[in-house]
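For reference, the chains in residue letters:
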Amino acid sequence: DTAVSQTPKYLVTQMGNDKSIKCEQNLGHDTMYWYKQDSKKFLKIMFSYNNKELIINETVPNRFSPKSPDKAHLNLHINSLELGDSAVYFCASSQRHRTGELFFGEGSRLTVL
Amino acid sequence: AQSVAQPEDQVNVAEGNPLTVKCTYSVSGNPYLFWYVQYPNRGLQFLLKYITGDNLVKGSYGFEAEFNKSQTSFHLKKPSALVSDSALYFCAVRDVYNNNDMRFGAGTRLTVKP
Numbered sequence: 001d002t003a004v005s006q007t008p009k010y011l012v013t014q015m016g017n018d019k020s021i022k023c024e025q026n027l028g029h030d031t032m033y034w035y036k037q038d039s040k041k042f043l044k045i046m047f048s049y050n051n052k053e054l055i056i057n058e059t060v061p062n063r064f065s066p067k068s069p070d071k072a073h074l075n076l077h078i079n080s081l082e083l084g085d086s087a088v089y090f091c092a093s094s095q096r097h098r099t100g101e102l103f104f105g106e107g108s109r110l111t112v113l
Numbered sequence: 001a002q003s004v005a006q007p008e009d010q011v012n013v014a015e016g017n018p019l020t021v022k023c024t025y026s027v028s029g030n031p032y033l034f035w036y037v038q039y040p041n042r043g044l045q046f047l048l049k050y051i052t053g054d055n056l057v058k059g060s061y062g063f064e065a066e067f068n069k070s071q072t073s074f075h076l077k078k079p080s081a082l083v084s085d086s087a088l089y090f091c092a093v094r095d096v097y098n099n100n101d102m103r104f105g106a107g108t109r110l111t112v113k114p
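Residue numbers (our numbering), protein chains in the order written: chain A, 1 to 113; chain B, 1 to 114.
With the rest of the complex left out, here is chain B (with noise of 0.2 Å):
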């Protein structure tokens, strides 16, 4: 099965401060990719999603993220926090070989301190 994982349980940066929120995959083929974000309380908001093309994916709230195929790596970024962006972080891939499950990693729970 596709899978991805995050390494960090848990991220804090200060208000301004670039942020960054890893995740890696393990997928056979072409992985299609995706963050969302989770509030207090809230459903998951879908934020980015990686399918072809274009390495650096820019999506809402200024958050972006880069593809890297050699590293098998997604990373989410954000060039300067908000302490509006402290929330869960969920990365997650469309398993292609079990029904376009979509699977997620285990979340990262980012706060930025003012």
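The following block holds chain A by itself, in its conformation from the complex (with noise of 0.2 Å):
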């Protein structure tokens, strides 16, 4: 049974293109967030949902949006992609207190042609 479970695994499509990423948890966990990783594994936040409340918005192109139709989901849109969005887009929950780690997804990796 899978904690954080994000769909499609891959996605290749063209520039131009909008697509979206789906992510749950299980876990009741009251914050969820997207982050990016590129080609040299570096790890940036993208956002979070805290309670269907954004609380972070990292200076992200505004082509990439996040919806949370409740807490246990948060999906990303993307308009117009670009090549530069190809990288691996992880989901995460945790509880949103200080001390708690993150659980993540397995990842979604992006190849814009």
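Simulated from the structure, these hints should not be mistaken for lab results.
Every value quoted in this text rests on a predicted model; they were computed, and no experiment measured them.
Quick reminder that beta carbons are idealized off the backbone N, C-alpha and C, glycines included.
Hints should not be assumed to be uniformly reliable.
As the list claims (entries may be wrong) - 30 Å max Cα-Cα, derived BS3-like pairs, lysine-lysine:
| id | chain 1 | residue 1 | chain 2 | residue 2 |
| --- | --- | --- | --- | --- |
| 1 | B | 113 | A | 67 |
| 2 | B | 77 | A | 67 |
| 3 | B | 58 | A | 67 |
| 4 | A | 41 | B | 77 |
| 5 | A | 71 | B | 113 |
| 6 | B | 77 | A | 36 |
| 7 | A | 22 | B | 58 |
| 8 | A | 41 | A | 22 |
What the hints assert, rightly or not - A few chain A positions that, by computed beta-carbon distances, are all more than 12 Å from chain B:
| id | residue |
| --- | --- |
| 9 | 13 |
| 10 | 19 |
| 11 | 72 |
Quick one: dock chain against chain with the hints and give me the complex.
Pasting the structure below:
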């Protein structure tokens, strides 16, 4: 029973297209995150949602938009995809307190051609 | 902002030898420090954390980490490395001044050779 699941695992698309990645957690956590891991394995936080409220919005392009229908789901929608968007995107969840560790999904590898 | 640094991109050790993966932190106030491991094509997995208390923290898979306030370090250690420990290791810190962001170091690739 997967704790944090994200789909699809692989996504190949053309420049200019719009795509979405879905994420669900069954841990009962109240905060969910999206991280981007680039080709050098560097992890950058993109967004987090706490009880359906955006609490972090790093300097990501507004082509990226998180959507959270409820606290168990945080989807990532990307408009007008660019080559530089190619990366692995990780969903994660935690309890929103200072000491909580993150639980990660398996990642979604996005390739923009 | 709070941050961590991993000074080594790569660590190589022989199976059965002790291993150390280094991490230093820059934090105002009390640090909340974490170690994660990432195997190829997988998500990150939590290993251990330091919040308060004993400076030696024990975690999953036989790993431990020592919090050293005077040296602002939180090095990951294991007494006897296994080939299966080969992976990418990330140190991280909760940035309590920025919405409790989990901020990661650049990662250290550990290779354990038979």
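Hint-by-hint comparison with the structure:
| no. | hint | in the structure |
| --- | --- | --- |
| 1 | 113/B / 67/A | violated, 44 Å |
| 2 | 77/B / 67/A | violated, 39 Å |
| 3 | 58/B / 67/A | violated, 37 Å |
| 4 | 41/A / 77/B | holds, 22 Å |
| 5 | 71/A / 113/B | violated, 43 Å |
| 6 | 77/B / 36/A | holds, 27 Å |
| 7 | 22/A / 58/B | violated, 34 Å |
| 8 | 41/A / 22/A | holds, 21 Å |
| 9 | 13 | holds, 20 Å |
| 10 | 19 | holds, 20 Å |
| 11 | 72 | holds, 17 Å |
Checked against the numbered hints listed earlier, the structure breaks hints 1, 2, 3, 5, 7; every other hint is satisfied.
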